[in-house]
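Visitor: Residues per chain, in single letters:
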Amino acid sequence: MVAQAAREIRDGERVFVGMRLPLMAFVVAKRTHAPNAVGFFELGVVRDEPASELLYTMGDNPNIAGAIWCARTVDLMGLLQRGEVHAGFIGGAEIDVHGNLNTTAIGPDRARPAVQLPGSGGGADIASLAHRLIVIMPHDKRRLRASVDFVTSPGYGRGGDWRKRVGLPGGGPSVLITTLGVFRFADGSAVLESFHPGTSVERIRAETGWALRVASTVRETERPSEEVLAIIRQYDPQGFWTRRGE
Amino acid sequence: MVAQAAREIRDGERVFVGMRLPLMAFVVAKRTHAPNAVGFFELGVVRDEPASELLYTMGDNPNIAGAIWCARTVDLMGLLQRGEVHAGFIGGAEIDVHGNLNTTAIGPDRARPAVQLPGSGGGADIASLAHRLIVIMPHDKRRLRASVDFVTSPGYGRGGDWRKRVGLPGGGPSVLITTLGVFRFADGSAVLESFHPGTSVERIRAETGWALRVASTVRETERPSEEVLAIIRQYDPQGFWTRRGE
Amino acid sequence: MPGKVISTREAVGRLVRDGASVALGCALEPAIPFAFAHEVIRQRKRDLELIGPISDIAFDQLIGAGCVARVSAAWVGNVSAGLAHAYRRAMEQGIPRRIEVRDHSNFTIAQALLAGALGAPYLPTRTLLGSDIARANGTFREAQDPFSGETVLLVPAIVPDVTVIAVQRADEDGNAHLWGPWGVSQEAALAAKSVIVLADQIVERAVIASDPNRTIVPGTKVAAVVHQPGACHPSPLQGRYRRDHEFFHEYHRATRSIEGFAAWLAEWVTGVADRDAYLHKLGPRWEALRDSGKPAAEARF
Amino acid sequence: MPGKVISTREAVGRLVRDGASVALGCALEPAIPFAFAHEVIRQRKRDLELIGPISDIAFDQLIGAGCVARVSAAWVGNVSAGLAHAYRRAMEQGIPRRIEVRDHSNFTIAQALLAGALGAPYLPTRTLLGSDIARANGTFREAQDPFSGETVLLVPAIVPDVTVIAVQRADEDGNAHLWGPWGVSQEAALAAKSVIVLADQIVERAVIASDPNRTIVPGTKVAAVVHQPGACHPSPLQGRYRRDHEFFHEYHRATRSIEGFAAWLAEWVTGVADRDAYLHKLGPRWEALRDSGKPAAEARF
Numbered sequence: 001m002v003a004q005a006a007r008e009i010r011d012g013e014r015v016f017v018g019m020r021l022p023l024m025a026f027v028v029a030k031r032t033h034a035p036n037a038v039g040f041f042e043l044g045v046v047r048d049e050p051a052s053e054l055l056y057t058m059g060d061n062p063n064i065a066g067a068i069w070c071a072r073t074v075d076l077m078g079l080l081q082r083g084e085v086h087a088g089f090i091g092g093a094e095i096d097v098h099g100n101l102n103t104t105a106i107g108p109d110r111a112r113p114a115v116q117l118p119g120s121g122g123g124a125d126i127a128s129l130a131h132r133l134i135v136i137m138p139h140d141k142r143r144l145r146a147s148v149d150f151v152t153s154p155g156y157g158r159g160g161d162w163r164k165r166v167g168l169p170g171g172g173p174s175v176l177i178t179t180l181g182v183f184r185f186a187d188g189s190a191v192l193e194s195f196h197p198g199t200s201v202e203r204i205r206a207e208t209g210w211a212l213r214v215a216s217t218v219r220e221t222e223r224p225s226e227e228v229l230a231i232i233r234q235y236d237p238q239g240f241w242t243r244r245g246e
Numbered sequence: 001m002v003a004q005a006a007r008e009i010r011d012g013e014r015v016f017v018g019m020r021l022p023l024m025a026f027v028v029a030k031r032t033h034a035p036n037a038v039g040f041f042e043l044g045v046v047r048d049e050p051a052s053e054l055l056y057t058m059g060d061n062p063n064i065a066g067a068i069w070c071a072r073t074v075d076l077m078g079l080l081q082r083g084e085v086h087a088g089f090i091g092g093a094e095i096d097v098h099g100n101l102n103t104t105a106i107g108p109d110r111a112r113p114a115v116q117l118p119g120s121g122g123g124a125d126i127a128s129l130a131h132r133l134i135v136i137m138p139h140d141k142r143r144l145r146a147s148v149d150f151v152t153s154p155g156y157g158r159g160g161d162w163r164k165r166v167g168l169p170g171g172g173p174s175v176l177i178t179t180l181g182v183f184r185f186a187d188g189s190a191v192l193e194s195f196h197p198g199t200s201v202e203r204i205r206a207e208t209g210w211a212l213r214v215a216s217t218v219r220e221t222e223r224p225s226e227e228v229l230a231i232i233r234q235y236d237p238q239g240f241w242t243r244r245g246e
Numbered sequence: 001m002p003g004k005v006i007s008t009r010e011a012v013g014r015l016v017r018d019g020a021s022v023a024l025g026c027a028l029e030p031a032i033p034f035a036f037a038h039e040v041i042r043q044r045k046r047d048l049e050l051i052g053p054i055s056d057i058a059f060d061q062l063i064g065a066g067c068v069a070r071v072s073a074a075w076v077g078n079v080s081a082g083l084a085h086a087y088r089r090a091m092e093q094g095i096p097r098r099i100e101v102r103d104h105s106n107f108t109i110a111q112a113l114l115a116g117a118l119g120a121p122y123l124p125t126r127t128l129l130g131s132d133i134a135r136a137n138g139t140f141r142e143a144q145d146p147f148s149g150e151t152v153l154l155v156p157a158i159v160p161d162v163t164v165i166a167v168q169r170a171d172e173d174g175n176a177h178l179w180g181p182w183g184v185s186q187e188a189a190l191a192a193k194s195v196i197v198l199a200d201q202i203v204e205r206a207v208i209a210s211d212p213n214r215t216i217v218p219g220t221k222v223a224a225v226v227h228q229p230g231a232c233h234p235s236p237l238q239g240r241y242r243r244d245h246e247f248f249h250e251y252h253r254a255t256r257s258i259e260g261f262a263a264w265l266a267e268w269v270t271g272v273a274d275r276d277a278y279l280h281k282l283g284p285r286w287e288a289l290r291d292s293g294k295p296a297a298e299a300r301f
Numbered sequence: 001m002p003g004k005v006i007s008t009r010e011a012v013g014r015l016v017r018d019g020a021s022v023a024l025g026c027a028l029e030p031a032i033p034f035a036f037a038h039e040v041i042r043q044r045k046r047d048l049e050l051i052g053p054i055s056d057i058a059f060d061q062l063i064g065a066g067c068v069a070r071v072s073a074a075w076v077g078n079v080s081a082g083l084a085h086a087y088r089r090a091m092e093q094g095i096p097r098r099i100e101v102r103d104h105s106n107f108t109i110a111q112a113l114l115a116g117a118l119g120a121p122y123l124p125t126r127t128l129l130g131s132d133i134a135r136a137n138g139t140f141r142e143a144q145d146p147f148s149g150e151t152v153l154l155v156p157a158i159v160p161d162v163t164v165i166a167v168q169r170a171d172e173d174g175n176a177h178l179w180g181p182w183g184v185s186q187e188a189a190l191a192a193k194s195v196i197v198l199a200d201q202i203v204e205r206a207v208i209a210s211d212p213n214r215t216i217v218p219g220t221k222v223a224a225v226v227h228q229p230g231a232c233h234p235s236p237l238q239g240r241y242r243r244d245h246e247f248f249h250e251y252h253r254a255t256r257s258i259e260g261f262a263a264w265l266a267e268w269v270t271g272v273a274d275r276d277a278y279l280h281k282l283g284p285r286w287e288a289l290r291d292s293g294k295p296a297a298e299a300r301f
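Protein chains in written order, with the working numbering: chain A, 1 to 246; chain B, 1 to 246; chain C, 1 to 301; chain D, 1 to 301.
If you're looking for bench data, these hints aren't it; they were derived computationally from the structure.
Glycine included, every Cβ here is placed at the ideal spot set by N, Cα and C.
Hints should not be assumed to be uniformly reliable.
To be verified - Pulled a few chain A residues facing chain D out of the computed Cβ check, cut under 10 Å:
| hint | residue |
| --- | --- |
| 1 | Val45 |
| 2 | Asn61 |
| 3 | Ile64 |
| 4 | Ala67 |
| 5 | Trp69 |
| 6 | Ala71 |
| 7 | Leu80 |
| 8 | Gly83 |
| 9 | Arg203 |
| 10 | Glu207 |
Chain A on its own, in the form it takes in the complex (with noise of 0.2 Å):
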């Protein structure tokens, strides 16, 4: 997941990088096709190098020192707001084929949940006003789900032009990157573009809580290269994020 999401950086991007697995990809793409991205920390700190260690939250002390940039909240949600940030990364207890993600509550009931979950962080901004938004999920049908109780995060609605019709800029889910596959968006839905190696699209499609598409030049997706794994185990040698394969 890691090493895809990485590719999914250009060089010279402005990215909101969140925390866990955003923030290794950051780094690999960082240190091999993306040398000019800068990182956008919701807090307010913006780096054009990766912080000199393991970070646990963005807000911990390696991950100022030497930042270029330690502002307000609003400054850095004001250049996302212009149309100034090209890709944001965020993950979410579940999404719907349209890539709405909910990271509020599950049940019926926002008031009475059954499940409370953290909210929207920056997400929620993210996902309206980024170019591009770079979801990563673990797979499970639970999390996959024909619709979610609670659009946290605004995907493309209930299909076709639904963000230029609710006021939303341009942008949307570009990729959807779970522990077992990787999804592109076509028309505002999900469609399958690659099986990690080792699952499979039917394994894929029983994992999934919505009727699957799958692209025509389906494949599996390409293995990280072993330059990216050693990056991921120098940043991450204790495997505290990524100890569950991710």
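Here the structure of chain A is known, so what remains is to put chains B, C and D in place on it, guided by the hints.
Guide: Showing chains B, C and D alone in chain A's frame:
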């Protein structure tokens, strides 16, 4: 004028100071009856002690060194709009009986003025939003007019509850200090409170462009104490701002 | 001027009434004033509205201790360890009490506080259009931008009764230097009716005045200054101490059950007199977190 | 990355097209990039829109030189010496050309640029209600606050084509440290399509990264970095040099007449090749203005 202006500042108040005579009034007030007054400067500076030397502009290095806050203009203007600034000083080219000030342009056509003035600066904001406005002007019939050509900084409009009707918060001019006398505002109109030593009600009437209203308690303006004169001479020994006997 | 330098106990006692709205944790993950939150719990304050973007576990503790009636936040959880158990219990089961949630995103909470700081009634934005947050929050309005005709979401100002910020240093009047992430701290402080500053160090006014650009809030906005070293543990304070990651994990494990939460609270909050006792209890673990960092390049005024 | 470090001449040549909107002088009285303004005059740029709160005499010079079609500003004059003669001639007599004025106050220009920086279409305010500025400006709208029903003035966003800021130091990517007054500089830089940084000193990236709170604009927003010592004379730059008050008075006296203005321009702008030549011409007067101030108290990251 400086001594009278200083009297208008109360201890502990937040005051938008501005330059020239108001700045000296702030110095005098701080060193006499209002040691806890706090000075706001619209380029984003807050001082609880006056600068160590004479200032020509609020951005002079000595006004920044030793400040307690160097922020953004909008931060200070925000506090002003929140109603947290007690008083502000402004001057103008023209004022009318309702305390409306023109610092924009003389003449009926804004696009082709007879005399182009510099404009509002922060004056119109202070006039709109401070609890009290303290106006300082040279006294001249062409400056104290029945009506002004352009209302840059709103006073009491056409009097009565005009401020409320147009949506301005409370406030408005509390005093007009000229080179000849001191006016207070009653029901949104200027009333002569005192005449400076060496002048008279009749002279002021002759030099004022509106029908003069005179308080029943009209008296001579209190002379500045030796202490106050000493502070002024110490701060501006060359008389740069005070040489015209102001 | 009357003395503003008081203890955390006095600050909470004097300035936080039951039912108050309180913004804290406004720098997001770092500089969270846990010392303040724990004193609120010890004084059994009730019916508070908590305001903040990402509070890490401070909000969870206040909710679990029964101090909270409403949360206006973008995220409530345990940043490096996962979900917030006390928040879950309150929302899912009403334990120890039901709380109301006003969902925000980081951008809308930032804009609400910025509007408050500006004295503006609201800010117009395009974020969250089409998100269920816009509907669920209940305080936003959709409107037409009269200039372009496009849809905008109007985010109304938030004016907290009290904003609490933790900083590296402040003078006795409350002029406060904070470096490292600010998040929404400055907006929250300027928007508030009253500000409490928890300073790792109290310094002479001249130290503050030597670098007025570092001032996050001027003393004229500050009601109380508390000299409270280590006020943010287990969150970090730049140039002073690091984040205690393991503490967050321990909290996560310990508070899975109601009983576990109660035991954790008894051990770390109600069972200690104040922050000094808390740091003493941490012992060498606390000393090991100290990290004085590297000096900033010189700037001259 | 392609090199951003170029000369003022190249920066003006590449980034300022005729008709562009240009924000400068955004820290109000200090840190005004006169070196940039003079190069614009030398390159005979035309039909510019000038944006800024209080420009001191920079705007007056650009107007008198015929570079300007429109001014969006709160104040145009000579702060310590009085009225701006060239601005008066343009407005009163159309010499050297008619210009359009969009009157602002400091707060509305700040809000317009803040809206631009936030990507918001407008900000609602209560300032200027009842002022003729609200009407004369022509771009504002009155509206009802839908929450309270009260009247507000909507100030639309300003997005300059170029914002020019002068700073004490920047690295080669344009990450820029400015201390002392910021005024509306940060909003203007973040709101702009393109930013030009005039740095008194070019430093290693590590100097900037040692103190990221001092960064006013990140390199990722910056199109050109100019190493230009003394770029702000006669305005001051904190910790580097003082304001040359007498220069403003000399300008005021010299430019009362059209001929006087032309002679002043020939002497100080068109008659000198660049800023270095200008400083050389100032000679010992320039050296006498240097003032390195006092160091800021240490902060460690």
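Visitor: Now look at each hint and say whether the structure bears it out.
Guide: Each hint tested on the structure:
1. For Val45 (chain A), the interface hint holds, the least distance from its beta-carbon to any beta-carbon of chain D being 7 Å, beneath 10 Å.
2. Interface hint at Asn61 (chain A): satisfied, since its Cβ lies 8 Å from the closest Cβ of chain D, which is below the 10 Å cut-off.
3. Proximity of Ile64 (chain A) to chain D holds as hinted, the smallest CB-CB distance being about 6 Å (cut-off 10 Å).
4. The beta carbon of Ala67 (chain A) is positioned within 10 Å of a beta carbon in chain D (closest approach about 4 Å), and the interface hint is therefore held.
5. Annotation: Trp69 (chain A) was flagged as interfacial toward chain D, and the flag holds, the nearest CB pair being 4 Å apart, inside 10 Å.
6. Below 10 Å, beta-carbon pairs count as interface contacts, and Ala71 (chain A) has one with chain D at about 7 Å; its hint therefore holds.
7. At a threshold of 10 Å, the smallest CB-CB gap from Leu80 (chain A) to chain D is about 8 Å, leaving the interface hint in force.
8. Here the hint on Gly83 (chain A) is kept, as its CB sits about 7 Å from the closest CB of chain D, short of 10 Å.
9. The beta carbon of Arg203 (chain A) is not positioned within 10 Å of any beta carbon in chain D (closest approach about 42 Å), and the interface hint is therefore violated.
10. Contact between Glu207 (chain A) and chain D, as hinted, is not supported at the beta carbon level, the nearest pair being about 39 Å apart and thus beyond 10 Å.
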